[in-house]
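S.K.: Required output: the full structure, derived from the provided sequences and hints.
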Amino acid sequence: MKRKHLSSSRLWIGILSVIVFSLITGEWVFAQQVKEVRVGALYTLSGALAQSGVRQKNVTEMAVEEINAKGGIKALGGAKLTVVYGDSQGKPDIAVSETERLIQNEKVSVIMDVAPSVCTLAATSVAERLKTPFLATVSFADHITERGYKYTFQQEPKVLEVARQQTIFVDYLNKLLGGKLKKAALLYEDTDYGQTGARGRRTFLKEAGYPIVADVSFPSRTPNYDPILMKLKAGDPDFVLDASYLSDAILIAKTAKKMDFLNIPWIASGTKTEAAYWEVMGNEDPGAFCVSMWGPDISPEANSINERYKAKYGGNLDGVIILTYQGVWVVKEALEKAGSADRDALRNALATIEIKPGPTLFMPYQNIKFNEKGLNTGGGFTFIQIQGGKAVTVFPERFAAKKVDLSMFTKFKK
Amino acid sequence: MKTLISHKTILFAFLIVIFLLLPKVITSTFYIHTLIMIFYFGYLASCWNLMAGYAGQASLGHSLFVGTGAYTSSFLLMEAGLSPWIGMWIGAFFSLILGLFMGYLTFRYRLKGHYFLLATIAFAEIMKILILNIRTLGGGSGIAIVLKGDPFWQFMFTQKASYYYVIFIMVIGILLLTHFLLQRRAGYYLVAIRENEELAKASGIYVLKYKLIAISLSAILTSLGGTFYAQYICFIDPHSTLGLGVSVDILIPAIVGGIGTLFGPIVGAFVIIPIAEIARSYLGGGTGGIHLIIYGLFLIIVIVFMRTGLVGLLSRLNILKGKV
Amino acid sequence: MFEPSFLIQILISGLTIGAIYALMSAGLTVIYGVMDIIHAAHGEYLMMAMYITFFANSLFGMDPYLSLLLTVPITFGVGVLVFYGLILPVIDEAPAYPMLVTIGISIVLQNLALYLFTADFRMLTLPYFSLKFKFGLLVITLGELIAFAGALAVSLGFYWFLLKTDLGRRIRASSEDREGALLMGINVRRMQAISFGLGTACLGITGPLLTPIYYINPTIGDLFLLRAFVIVVLGGMGNFVGALLGGIIIGVSEVIGTILLPGSLAPIVSFTLFIGFLLFRPEGLFAKK
Chain A
0 MKRKHLSSSR
10 LWIGILSVIV
20 FSLITGEWVF
30 AQQVKEVRVG
40 ALYTLSGALA
50 QSGVRQKNVT
60 EMAVEEINAK
70 GGIKALGGAK
80 LTVVYGDSQG
90 KPDIAVSETE
100 RLIQNEKVSV
110 IMDVAPSVCT
120 LAATSVAERL
130 KTPFLATVSF
140 ADHITERGYK
150 YTFQQEPKVL
160 EVARQQTIFV
170 DYLNKLLGGK
180 LKKAALLYED
190 TDYGQTGARG
200 RRTFLKEAGY
210 PIVADVSFPS
220 RTPNYDPILM
230 KLKAGDPDFV
240 LDASYLSDAI
250 LIAKTAKKMD
260 FLNIPWIASG
270 TKTEAAYWEV
280 MGNEDPGAFC
290 VSMWGPDISP
300 EANSINERYK
310 AKYGGNLDGV
320 IILTYQGVWV
330 VKEALEKAGS
340 ADRDALRNAL
350 ATIEIKPGPT
360 LFMPYQNIKF
370 NEKGLNTGGG
380 FTFIQIQGGK
390 AVTVFPERFA
400 AKKVDLSMFT
410 KFKK
Chain B
0 MKTLISHKTI
10 LFAFLIVIFL
20 LLPKVITSTF
30 YIHTLIMIFY
40 FGYLASCWNL
50 MAGYAGQASL
60 GHSLFVGTGA
70 YTSSFLLMEA
80 GLSPWIGMWI
90 GAFFSLILGL
100 FMGYLTFRYR
110 LKGHYFLLAT
120 IAFAEIMKIL
130 ILNIRTLGGG
140 SGIAIVLKGD
150 PFWQFMFTQK
160 ASYYYVIFIM
170 VIGILLLTHF
180 LLQRRAGYYL
190 VAIRENEELA
200 KASGIYVLKY
210 KLIAISLSAI
220 LTSLGGTFYA
230 QYICFIDPHS
240 TLGLGVSVDI
250 LIPAIVGGIG
260 TLFGPIVGAF
270 VIIPIAEIAR
280 SYLGGGTGGI
290 HLIIYGLFLI
300 IVIVFMRTGL
310 VGLLSRLNIL
320 KGKV
Chain C
0 MFEPSFLIQI
10 LISGLTIGAI
20 YALMSAGLTV
30 IYGVMDIIHA
40 AHGEYLMMAM
50 YITFFANSLF
60 GMDPYLSLLL
70 TVPITFGVGV
80 LVFYGLILPV
90 IDEAPAYPML
100 VTIGISIVLQ
110 NLALYLFTAD
120 FRMLTLPYFS
130 LKFKFGLLVI
140 TLGELIAFAG
150 ALAVSLGFYW
160 FLLKTDLGRR
170 IRASSEDREG
180 ALLMGINVRR
190 MQAISFGLGT
200 ACLGITGPLL
210 TPIYYINPTI
220 GDLFLLRAFV
230 IVVLGGMGNF
240 VGALLGGIII
250 GVSEVIGTIL
260 LPGSLAPIVS
270 FTLFIGFLLF
280 RPEGLFAKK
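Protein sequence lines, in the order shown, are assigned to chains A, B and C. Everything in the first sequence is counted per numbering that gives the first Met the number 0, starting at 0 for the first residue and increasing by one. Everything in the second sequence is counted per numbering that gives the first Met the number 0, starting at 0 for the first residue and increasing by one. Everything in the third sequence is counted per numbering that gives the first Met the number 0, starting at 0 for the first residue and increasing by one.
Heads up, a few of these hints could be off.
Said to hold, decoys possible - Only pairs whose alpha carbons sit at most 20 Å apart, straight line, appear in this in silico PhoX-like list of lysine-lysine:
1) C:131 with A:174
2) A:336 with A:355
3) A:412 with A:181
4) A:232 with A:256
5) A:410 with C:133
6) A:402 with A:389
7) A:79 with A:34
8) C:163 with A:256
9) A:149 with A:179
10) C:131 with A:256
11) A:232 with C:163
12) A:174 with A:412
13) A:355 with A:182
14) A:174 with A:389
15) A:336 with A:79
These are calculated hints, taken from the structure and not from any lab test.
M.R.: Encoded structure:
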C-alpha cells in the first residue's frame, strides 16, 4: 500500500510538473506564435484635409508591406503588421470616437496619427485613459506633450523650432546675397499653426536683428488676397516668412506672382514642401523656400524610397509624408525592442528607444529618442527650394542636392 | 384615455431601466461612447426643440450656447481651478444673457422665419471668429482640459460609464421639464404662438415675454450640454463647439425624429448618430467621403419623405402618441 | 498709405471681386425671391461648373470660356431637376425644411466630388492669362478682367431679362405676388422651377470665369457661399438690383476692411453689417421691389 501511495504521488508530481512546464513554455510559445500585430492609424481621409490623408495612407501601406516582406517582427516570431485605419474627418469628437473604436473594437496595440493638432490633442486623451501608446507622427502643436501624459509620443519637433530654423536660414541666405536682406515681413493664417509660429518668428527675428516692416495675418480660406498682399508689399520687405495651409498658399502665390512680388525670398513654414503643392504650383512659384524635414534628394536611400512610392502610387513623397513612413518603422523598432504586442510593454519600449542613423532612420535627424515628456529630441530640419517645378533640398549644405538659386530675386540685382 | 397613459408610463419606466442597465452589459467603451454621443445630441436637439418645435422659432445659432457653456466652464477650470459643476452654471448665465440679448434684438425688430435664421447664423459665426482671435481663450488652438486633482470635483470620471449616466440624467431631465412645461399655461401659450403668432397676440398673449422664456430655457440648458461636452472630450476649440456646422448637427436629430414632439429629438439621435458612426467605420477609412454622402442622402430622404419625422410616422401608426 | 491713388487701387480690386459676388448673389436672391428658399447648396453648383470646365480643358483641350456652352445648360438642368425632385415636396413647410434639404444636397455633392475627383487641388494655367494691367501696387490679370466684365454683363443682361421679357415679367409676378400671379393664369410652379434653374445657371456662368483665377477643389463652393448670403440680405432678399449693388459694396468693403483691420477680423465687418441690416432694415438697402 505504501508503494502504491508513493508511486501515485510521484505520478501526481509528474503530472503537475508537466502541466506547469507546458503552461510556462506553452505561453511563451503562444506568444511567439502571435500571428499579427495590429496597429491603429488615425488619419484625415475626408474633408478639406483629405488631400494629404490619402497619401499618408499609401505610404503607411508601403512601409507595412516592406516590413512584412522582410520577415515582420522578428522578436515576435515573424508576426506581421496589420494596420487598421480610422478617419477623423479633421474633427476632434470624431477623432475621439475613432480612437475608441480602434482601441476597443479593433484591439490595436498602438496608434499612429496625423494632424490636425486638434484631433491629436483629443485622441491622445482617449489613448491615455485607455493606456494605449500613441505616436503623433505629424502633429506638432506646442502642448501635445505638455500635459504630463505617459502614453503620448511626438515624433516631430515643435512649431517654435521651425521659427528658429527659419531665422538661421535667413542668415545663410543673407550671406549668399551679400548682406542685402534687411527688412522682414510676416504673413500667416489666423489659427494655431500661423499664430504660434508668428510669435516665435517675431522673437527670433528680433534677436537676429531683422526689423519686421509688415506683420499681416489673414483668415484662412479668403477668396481675395489682393488687399492682403498689397498691405505686405507696401512695407517694401526684403524677404517674407509665411505660414499657410495648402489652399491659401496656392492663391497667395498666384496673387504674389501677378504682383511681381516673388522677386524676393519667400520662406514658408510648411506646405510648400508638400508634393501636393509643387505638383500644382511648381512652375508658378519658382524659387520659393520652405522648411522641410526630408527630400528624396538628400541621399541615395531617400531617393530609392521615393522611386518605390512613385512606382506604386504615382506622385512624389515629401518632407511631411515621409514622417508617417518613419513612424511605421519606429513602431516596428519598438515592437522588436519590447518583444511583445502588449500595450504597456510597447509604451516602455517607446520611452527608452533610441534609433540611430542607419537602415531604420530615414530622416536627417541625429536620432529618434523621446524625452520624459514624450517629445523626440533628435529632430532637425532641412530647407527646400522649388527649382524646375519640384522641391530640391538646398540646406544644410551636407544634405543639399543643389545650390540655392538666386536668379529670381531680382530686387537685389543692381 | 387613462389606460393609454399608464401603458405609456410603464413603457417609459421599462426603457429607463434598460438604459440604466446597459453599461453593465456593454463593456466596449466604443459602444458606450456612441451611446453617450447619441444622448448628447439628443439632449441638445431637445433643448433646441424647446425653442423651435414649441415656440416656433427655428434657430441656426444654438452653437453659440454650446460654445459659451464649454468655454466658460473650461476657462474657469483651467485658469482658476473652479469646478465645472459650478462653472457650468456661470456659463449658463452668460448664455442666458446672450440668448436674451439675441432674442430681444430679433424679436423686438420683428425678425421672422428666414431673417431670424440668417441672423442666428451670423451671431454664431461672429462668436466663432471672435474666439478664434482671442488668445487667452486658446484662439485657434483651443483649450485642453487636463486632470489636476480630484476627478469627481472636476467633473471628470475615469469610467466612461459615469459620463453615460450623467448625460442620461440630463436627457431625462429635459424630457420631464418639457413635458411639465407643456402642461402649464406657459406651454399652451408657446404652442399658440407657434401655430399662429398674430392670433396669439390678438388673444392677448404677451408674445415677447413667452418667446424670451423659451429662448432663455433653451439657452441655459444647451449651455449645460456644452460643459458636458468639454468635460467628456477634454478638448474644445472653435470648430468643434461654435459655428454653423455645430448648429446644424444639433438640429438634425430633432428634424429626423420629429420637430415639436417630445421624444422626436431623442429618437432622431438614435437613428442618425449610429448611421453616421457605422457609415464612417465601414466606409470612412477607405475612399474619402462616402460615409458623408450617405449621411447627406439620409438627411434628404428623411426630410423629403418623412416630413413629420419618425415620431410622426410612428404616431400615425398609433404606436406612440408623442405630439402635443 | 491713404493717398488717393492707393484708395483707387483698393476700389478697383474691390470692384473686380465684387462683380463676381454680385452675379452669384443674384442667382441666390432670385431663388429666394421666387420661392422663399435659402439655398445652402448654391456654392456646389459653382464647384460643379468649375470641374466641368477643368475636365473639358484637360481631357479635350476645350477653352474655358467655350465651356460655358456646357456648364450653363448642365447647371440649369440639374437645378430644375433638383427643384422638382427634392425641393417641391417640402416647399410649403416651415423655412427650415427646404434649407435643410439643400444642406443635405450640399453635403452629398461636395463629398461626391471628393470621392470622384479626390481632394487634389487642380489649376488651369493658360498662356494668355498672364497679360497684366498695373495700377500702382495693384495688378489685374486678363483673366480677372474678363471675369469682371463677364459677370457684369451677365448680371445686367439678367436684369434686362427680368424687366423686359415676357418670361421675366411672369417670374417677377410670381415673386412679388404669388396669389395674384396664379389668378392671372401664370403657372407659378413652372416659374419657380425656371427661376431655380436660372439661379444655378448663374453659377454655371461664374464657374468658367473663375477657373483662371482660383483653384478647383470640392470645397471651393464654401469659399463664396457665406458672403453671397450676406450680400443677399444687404441687398434685400429677393431684390435683384440689390444683390448686384450689394455684391459690389461687399467686395469693396471687404477690401477696405482687410487693409484697415488685422486680417482675421475682416469677416466680422461683413457679419456685423449683415446683422445690422437684418435687424434695422431687413428690406435691404434698396427697398424698391
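S.K.: If a hint holds in the structure, say so; if it doesn't, say that too.
M.R.: Hint check:
| no. | hint | verdict |
| --- | --- | --- |
| 1 | C:131 with A:174 | 34 Å, violated |
| 2 | A:336 with A:355 | 14 Å, holds |
| 3 | A:412 with A:181 | 15 Å, holds |
| 4 | A:232 with A:256 | 12 Å, holds |
| 5 | A:410 with C:133 | 18 Å, holds |
| 6 | A:402 with A:389 | 14 Å, holds |
| 7 | A:79 with A:34 | 6 Å, holds |
| 8 | C:163 with A:256 | 44 Å, violated |
| 9 | A:149 with A:179 | 48 Å, violated |
| 10 | C:131 with A:256 | 11 Å, holds |
| 11 | A:232 with C:163 | 47 Å, violated |
| 12 | A:174 with A:412 | 15 Å, holds |
| 13 | A:355 with A:182 | 40 Å, violated |
| 14 | A:174 with A:389 | 25 Å, violated |
| 15 | A:336 with A:79 | 16 Å, holds |
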